[in-house]
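Assemble chains A, R and S onto chain F, guided by the hints.
4 protein chains.
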Amino acid sequence: MSSGPSAADLSDSAFPSRESRARNNADSVRVGVIGYGYWGPNIVRNFRALDRCEVISVCDRNAKALKRAQKTYPALHLTTDFTEVLASPDIDAVAIVTPVWTHFELAKKALENGKHVFVEKPFTSTSAQATQLIELACKKNLRIMVDHTFLFSGAVRKIRELVDNGTLGPLYYFDSTRVNLGLFQHDVSVVWDLAPHDLSIMDYIVRERPEAVVATGGNHFNDLADMAFITVYFPSNITAHINVNWLSPVKVRTTLIGGRDKMLVWNDIEPDEKIKVYDKGVEITNGQSVYDLLVSYRSGDVWGPKVDATEALTLELGYFVDCILEGKAPSNDGAAGLRVVRLLEAAEESLKDRGRIIVL
Amino acid sequence: MSSGPSAADLSDSAFPSRESRARNNADSVRVGVIGYGYWGPNIVRNFRALDRCEVISVCDRNAKALKRAQKTYPALHLTTDFTEVLASPDIDAVAIVTPVWTHFELAKKALENGKHVFVEKPFTSTSAQATQLIELACKKNLRIMVDHTFLFSGAVRKIRELVDNGTLGPLYYFDSTRVNLGLFQHDVSVVWDLAPHDLSIMDYIVRERPEAVVATGGNHFNDLADMAFITVYFPSNITAHINVNWLSPVKVRTTLIGGRDKMLVWNDIEPDEKIKVYDKGVEITNGQSVYDLLVSYRSGDVWGPKVDATEALTLELGYFVDCILEGKAPSNDGAAGLRVVRLLEAAEESLKDRGRIIVL
Amino acid sequence: MSSGPSAADLSDSAFPSRESRARNNADSVRVGVIGYGYWGPNIVRNFRALDRCEVISVCDRNAKALKRAQKTYPALHLTTDFTEVLASPDIDAVAIVTPVWTHFELAKKALENGKHVFVEKPFTSTSAQATQLIELACKKNLRIMVDHTFLFSGAVRKIRELVDNGTLGPLYYFDSTRVNLGLFQHDVSVVWDLAPHDLSIMDYIVRERPEAVVATGGNHFNDLADMAFITVYFPSNITAHINVNWLSPVKVRTTLIGGRDKMLVWNDIEPDEKIKVYDKGVEITNGQSVYDLLVSYRSGDVWGPKVDATEALTLELGYFVDCILEGKAPSNDGAAGLRVVRLLEAAEESLKDRGRIIVL
Amino acid sequence: MSSGPSAADLSDSAFPSRESRARNNADSVRVGVIGYGYWGPNIVRNFRALDRCEVISVCDRNAKALKRAQKTYPALHLTTDFTEVLASPDIDAVAIVTPVWTHFELAKKALENGKHVFVEKPFTSTSAQATQLIELACKKNLRIMVDHTFLFSGAVRKIRELVDNGTLGPLYYFDSTRVNLGLFQHDVSVVWDLAPHDLSIMDYIVRERPEAVVATGGNHFNDLADMAFITVYFPSNITAHINVNWLSPVKVRTTLIGGRDKMLVWNDIEPDEKIKVYDKGVEITNGQSVYDLLVSYRSGDVWGPKVDATEALTLELGYFVDCILEGKAPSNDGAAGLRVVRLLEAAEESLKDRGRIIVL
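Protein chains in written order, with the numbering used here: chain F, 370 to 729; chain A, 370 to 729; chain R, 370 to 729; chain S, 370 to 729.
Take these hints with a grain of salt, some might be off.
Repeated chains share a single entry, so a pair holds when one copy, or any two copies, can fit it.
Claimed, not checked - Straight-line distance between alpha carbons at most 25 Å, and here's what the computed PhoX-like set of lysine-lysine pairs gives:
1) K645 x K675
2) K508 x K477
3) K508 x K478
Everything labelled a hint here was simulated from the structure, so no lab data went into it. None of the values given here were measured: they were computed from a predicted structure.
Excised from the complex, chain F in its bound form:
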């Protein structure tokens, strides 16, 4: 593994560690996974299916979780002590699949120990933490990847392609709804739980630095919002809106994206036809007075491009391994994670002040 030694070279230790010597020509990544709750099993399953990757160890403080892991993978090394994973010389990269408030400490230790880091979304609890981790990884020449899984879904990749190749034309808006019943989180609001998906997708599609955030919402059980409506303003006049709700009786995963030339609906619930591109539009010509607006509408065919059905996490983890082995920076790196955290902080702040605008 080429990046192992280079990380060691850049570290404060002048001497390469034992394992980096031993694995000078390594062409695979040895992974430790911390956290085997809801999402961890998917991480382990996908890492194991990769060719150039080996899962060395799985850690969870919950004995039941470890028992489940053992039943599925009898041969796997299991531990309740995360320091074991963070310190192991046999591990090149650590996947952190734990509650957000633990991300910073775990990732920091992992980076300090020369491990590449894969962190579940959202990256960290604060943007200050995110910045610190980014700097640390940079100094030690290690990779950080933030698990913005949706960016690797066939649907989002297709949307990005349609935006990039100009099919939609300049964008007017991005409006995403992500609602369902539960699961209530103990430590974070619905903003920190669900909105990272939409914000990371928005960041990936809109590709513009947002200038302000307004968020409203409500909390009906404790002091954490269980529903929130986030508006993000962009300099180019793109309007983004995100509706997240833990109290919806139905599951909705719909994103409308309006462009000058085409409009798009992404319905992630649909098993087959997730994306529809509408040849619809409006043209308004200003006449002589305010009542002389000439409005013309265009309404043509609908097109449902085929969307790659490969599991997003498979692609993402494969990309993580590639980035490590080839020493390249992932697109969903710490900086991408930081951009999302900043929006989350702003949204939470705005929400607490009943929609006060937060200029970024």
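For chains A, R and S alone, coordinates are given in the frame of chain F:
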């Protein structure tokens, strides 16, 4: 028609007009309709189908509109001069189906001339105008009905029933989406065009005085918002949210209403099963620490109550005629119209200031 | 009306009738409508909206029906005596919108009196009747149009276009489902009530002479089938299947059409995206043994062509008027009506004998 | 395992086999699985998750399939020789998950060797084979279970409950559509591939001995039907219809069931609301003449009962293990398998003769 003479009594004319004398025992309402554009024909068709009602005259300044009216109703009296309608002694009530900026002047004249008034939504351009009309109608003992048509739809009546009889339990939120392509209005934003529907329904269902409004959105063609996201705060912690958009490629008319005991989805696009009531819910018990939340979910049957399919406008106009003939105040009276106009003013003000909270 | 005189020329009467003399240069068609039940009002409304057409008289034996007609069209001539319509010298064409068992007598009289005839589907009760009417119309040079309304819908015209221009490739099958609750007919089974739609569309799309029919089904209330499943065999190996049912709790109007190159779904319930064309297919290459089949699947984009939303009946009746004025034979003429009646007869016969194959 | 010894007692061998002695008090079932293609992995995964069950060996002639098995279950015994599984003294039950033409030979050997048998649907290629296996199992007191998985789905169990408790009232019809693109089978038509699902469900719900079958359809690539329409007649006048098609661009899994008191739609594609029960119905009273039918319609609420989401195969295999350990006959036993095979034979025969009725 009892209210005819009383209107005359209260008017500045001390002498009852010829027709009010003649119609002392009138049991039907003679209507004049001003405006025969998009909505006017529905008004005329429905008034004509009523038993205790007669359409006397239709007015529109647009010759093409009048031609269409003549083709459908060869015997109808048509005019391009609205003063003719407003002054006619043969007309008891005037339906004003014109752009909102004309409502006040027309309604004022109509009331001054002793006519009952049916006004398309939104009631007026300003709350000051609305107040003035309400006072005038009160003074002259005339009826004002604001055309909040949806309140007479089977779906909204059923929802109100389910809220009133306690089926849903105390409400948590009201979240409504009303988006489609166009029709752009020349004089008002999407807020004034589409949101009156949702705000009047919210007002009818939630039945609580809202305390503040936050609205965000965007305008992409001129300085009128073509998409808007309105949050309404209520003292009892009900959160209302309204998403209106003229730039959507698909038509969506969906309202989610979350209650403690049941949750409801109203999809007005569905031809048959418009309302679904979900036996779903969340219960959160606070444990000893923040991490001790005990959350339990309930997910049971779904129920689709039969919804009366009678055309809403038929019921509404029948009710208008009843209110006139029986001298009773309609529930969708001027005061209801004013409540909506106040919310529209607040939303527009908030929107222009990028989401500044407007306390009502 | 050019065809008036020519009809007269070809008739056994050597003397042009009074009205044909009077209207030598007529450029509009004067229509009488017999039957003002469920469908008649649509016929009247659409005829009236046409430019080169005038509705002279409406006939129904039911006083209530006539009262409804009078309310909508106070100026229209109404009668309960159909001979009045059939004999009137002021009428050029008769629309017969009555139960099927009356079609033959009415159409025959109309043709004998020199009137063009528009007949609701199904054309006649027997193919012998249909043949007789076709011959009569031919002899008198009059037009017969059978009301296969769906052929004029945007969806069916688009499908025909996609078949004709080779988009779908050679067809494999046509599978249509038309089910809903009721309306039970008194005199005919669900086969004669609903299947004419599907059979006429099939005839229009497949454009091949069917060779045999098998029909099964059931009757649960009287001796008329309330559900039926009709298979039509074609020489070129196209398989057609039609599922009609009066006892379904949901309304389904879906037609699948499989072609070698593309497959199509027409969902007539959808308000906007009625047709979807799938770039899907199968290729099977025979290997050396039966177990060496090489099957490859193709699954690409979906395409929803824009479908003209003009009311089908408007186009159809306009076409009827055109055919009369321009002396041309309609595509949905008596022969088309006869082809459908033959299939209905075969289906009914097969159904009664529990699926015995009827070779045509 | 109690049934092991009893099987031995009933066998022609007077001496209990070694393993039956050894496992006199066995309370778990040791399973061998033959076939690890498309469905086999689900069988293995589910057997492994059961408490009282152990997967001893997996067999497949395809090396690639075994490699996949090894990757997932490194510790599992794998073999390409099915006789090894059929003969192993360490195996109590054999799951046969292979092409239908191999079922008879494999099941026969397994039963002869004293193994209980779980066979994928359809049970056998002929009813004669099915009868022979049933008799053999009976003689040796062994269990046969035919993998009619759907009978264990929450949806089908709920439907059965609604029929059994009289909610639907007497049934009028059962109409099932199961279409999608592929997968073409090499050795059997779409009838033998897809219809076993619908026929086994029909058998489970209708619970009446069918009296005749008519099947039509088409084949477009080789001499095996790729689409088929099967009608099953029942003495009580219930009409069953099944539409199976390998050439559909869209996946449809919809069953309509009409009863006198309620009507039901089961849409298995829906993730959440699979079943809807409609309070709809028709009542027809015969008047004095054929035209005096008095028809009344009932259209009330819709109800979506909650459906258990447990994986059907989990329940089915658990039930298989229970039946073995407790010595009870499964409801989906050889006789149930035989009933379905008889219908498949009849359908195939009818289909080949273009819909000739096959009386059972």
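Task: Same-copy or cross-copy closeness of K508 to K478 [CA-CA at most 25 Å] - done: within (14 Å within a copy, 67 Å between copies)
Task: Alpha-carbon proximity between K645 and K675, which holds within one copy, between copies, both or neither at 25 Å - done: both (10 Å within a copy, 14 Å between copies)
Task: Copy assignment of K508 with K477, given that the CA separation must stay at most 25 Å - done: within (12 Å within a copy, 69 Å between copies)
Going through the hint list in order, the structure satisfies each hint without exception.
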